[in-house]
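Trainee: Given next are the chains, with one letter for each unit.
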Amino acid sequence: DTEVTQTPKHLVMGMTNKKSLKCEQHMGHRAMYWYKQKAKKPPELMFVYSYEKLSINESVPSRFSPECPNSSLLNLHLHALQPEDSALYLCASSQRGQNLPWGYTFGSGTRLTVV
Amino acid sequence: DAKTTQPPSMDCAEGRAANLPCNHSTISGNEYVYWYRQIHSQGPQYIIHGLKNNETNEMASLIITEDRKSSTLILPHATLRDTAVYYCIVRPLPNFGNEKLTFGTGTRLTIIP
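Going down the list, the sequences are from chains A and B. Counting from 1, position 78 in the first sequence corresponds to residue 78 in my numbering; the numbering is continuous, with no gaps. Counting from 1, position 56 in the second sequence corresponds to residue 1056 in my numbering; the numbering is continuous, with no gaps.
Just so you know, the hints here were simulated from the structure itself, not pulled from any lab data. One thing to keep in mind: the hints can contain errors.
To be verified - Straight-line Cα separation of at most 27 Å, DSSO-like style, residue types lysine-lysine; simulated pairs:
(1) A:Lys-40 with B:Lys-1052
(2) A:Lys-41 with A:Lys-19
(3) A:Lys-9 with B:Lys-1003
(4) B:Lys-1003 with A:Lys-41
(5) A:Lys-53 with A:Lys-40
Quantities reported herein were computed from a predicted structural model and do not represent experimental measurements.
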C-alpha cells in the first residue's frame, strides 16, 4: 500500500458544526502532515506530527485541532470555522530517520466548504 | 530552506519536451532540489530529486548546473496529462524537527494539443 487516504473527499459544514477530517497511511511512515490550500495558491503547512507527537504547529487557530491516535492515523478536528477556512485540506506522510529525501506522499485532499 | 524562483506559467506543445527552469541561487551544500507537481484538485505528487548530479527516472530528467544555483526539469514527451502546477523545492534531508516541506508559487504548465 503506497497511498495516503483522506476522508471525506468533500465536506460542507456550518459555522457552528463540529466535524473531523481523517487521514490514513500504511506505509510505515512516522511523520504526518496537514496542509491547507486555497484556490490558485500553493499548499501551506499547518501541522507536523513526528512519531505521533506534535512537532510543528504553524500558528494555526485553535478552531483546528489535530490528533494522531496511532502511527497510521491523523485526524483534524474542526469547530466553529469561518467561511474563509473553506479550502482543500491535504494530508501527507513521510519516512523519518532514513536517508530518503523523496519520501513525502500526499493524499488527494478533503474539499471543505464552510457556510 | 533556500528560496526558489520559477516562472508563473509556461505552455508546451503536446509531444514536445517541456523544460521548466528553477533558480535557487542561495542553495546550501546539504540541500537537495525536489520537484513535485499538482494536477488540478489532487494532492502534490513527487517527480524527482537531486543533489548535484543530473538525474533521470521514468517521469522526468533533472539537470542541475555545476554551481547548483539553478536547475531544469525536463518532461521529454509532454502529454495532456502533464498539465499541472510544478513546484521546485530546495531543502535538506528531513530529520527530527526539520520535516517541513514548503511550497513556493510554482509554474503552471499547460500542454497544448
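Trainee: Assess, step by step, whether the Cα of Lys-53 of chain A is no farther than 27 Å from the Cα of Lys-40 of chain A, and give holds or violated.
Mentor: violated (31 Å)
Trainee: Do the alpha carbons of Lys-41 of chain A and Lys-19 of chain A lie within 27 Å of each other, as the hint requires?
Mentor: holds (24 Å)
Trainee: Given the hinted pair Lys-40 of chain A and Lys-1052 of chain B, is their Cα-Cα distance within 27 Å?
Mentor: violated (31 Å)
Trainee: Holds or violated: Lys-9 of chain A with Lys-1003 of chain B, Cα cutoff 27 Å?
Mentor: violated (32 Å)
Trainee: With the threshold set at 27 Å, check whether the alpha-carbon distance from Lys-1003 of chain B to Lys-41 of chain A stays at or below it.
Mentor: With Cα atoms ~17 Å apart, Lys-1003 of chain B and Lys-41 of chain A stay inside 27 Å; holds.
When the structure is compared with the earlier hints, violations turn up for hints 1, 3 and 5 and for no others.
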